[in-house]
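Sequential numbering of the sequence shown, starting at 1, is according to the numbering used here.
No lab work stands behind these hints, which were simulated from the structure alone. Hints may contain errors.
[What the hints assert, rightly or not] Okay, the calculated beta carbon distance ranges per label pair:
(1) 194 / 140: 20 to 28 Å
(2) 106 / 269: 21 to 29 Å
(3) 68 / 170: 17 to 25 Å
(4) 60 / 82: 28 to 36 Å
(5) 186 / 51: 20 to 28 Å
(6) 2 / 195: 47 to 55 Å
(7) 190 / 110: 18 to 26 Å
(8) 119 / 26: 17 to 25 Å
(9) 119 / 61: 31 to 39 Å
We put the beta carbon where it would ideally sit given N, CA and C, even for glycine.
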Amino acid sequence: MTATIGVTAALVSALSMAVAHALLAGGRDKLVIRGLIGASCMVAVAPLTFLVPPPSGWLWGWLLASGLLHAVYQLTLIKAYEGEDFSVAFPIARGVVPLATAILGVAVLGDRLAIGAFFGVAIVSLGLLYIASERRPAYVGLVAATTAGLLTTAYTLLDAYAVRISPELWTFVVWFFVFDGIIMSTITAVRRRNNLLGAVYRELKPGLLAGLASLVTYSTALIALRLIPAGSASAIRETSIVFGALIAGVFLKERVEGRRAIGITLVAVGGVAVAYWR
């Protein structure tokens, strides 16, 4: 039952992540949108800080480390989206994550991953990288996207460890968004200080919508990381690219063909294998 909840949480995270990343990538000022995401999530969870047990002494350090690592990742991802198309940068950034997280999750966190699940993880990574190879990316976008992928692996492992050792699941979840909101809104305010209000006004709608999606995305991701192996949670979350293709096909009437169709199929097959074997 616990594993089923974890898989379900990871699938919900994948669906909402597709929405959040599309809104971020489509915005004019991606840093301001990310600042709005952090601020809106922080405001949304603020009342809950009075309802959950406060973090213990050591947990404050893990929360701070997580917040800073996520901030570096977000700034790197923004650079990738500015230097390359979303359809290319996103699969590059996510392609190495499932397999690297699975291997390091076993080695570092002591996760136990079934052989079938491990092969599923590998297929998900293969599918993402196959999509990314559709065309040669720009150098800056390639470097930024690859770095973002490595940072994703790092924060996934850190958060998986921290949320598992936290006495209360929701204490870590709530305070994660508080730390993330403080750090990202501060960075945004400093870097856009000369035109902050105008930029916030222009990006308010996509920023708030992305904030709502992100609140769902990472709260469910943290639940999954607590309940199932980090590699499994990561691989299932990467099926967001499948949901993204479905959203584009249904609402935008876009056709998915050729290499992209093959890659998305591989991701879907790998995701099903991971969900089945966990």
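Just tell me: holds or violated, for the beta carbon distance of residue 2 and residue 195 against 47 to 55 Å? Given range 47 to 55 Å: holds, Cβ gap about 48 Å.
Quick check: does the Cβ-Cβ distance between residue 190 and residue 110 fall within 18 to 26 Å? violated (40 Å)
So does residue 68 sit 17 to 25 Å from residue 170, Cβ to Cβ? At 22 Å between Cβs, range holds.
Does the Cβ pair residue 60, residue 82 satisfy 28 to 36 Å? Cβ of residue 60 to Cβ of residue 82: about 33 Å, so the range 28 to 36 Å holds.
Is 31 to 39 Å right for how far apart the beta carbons of residue 119 and residue 61 are? Distance hint for residue 119, residue 61 holds at roughly 36 Å.
Is the gap between the beta carbons of residue 194 and residue 140 within 20 to 28 Å? holds (25 Å)
Just tell me: holds or violated, for the beta carbon distance of residue 106 and residue 269 against 21 to 29 Å? holds (22 Å)
Lying within 17 to 25 Å: is that true of the beta-carbon distance residue 119 to residue 26? Violated - the Cβ-Cβ distance for residue 119 and residue 26, about 34 Å, lies outside 17 to 25 Å.
Taking 20 to 28 Å as the hint, is the beta-carbon distance of residue 186 and residue 51 inside that range? holds (25 Å)
Hint violations for this structure: numbers 7, 8, all remaining hints satisfied.
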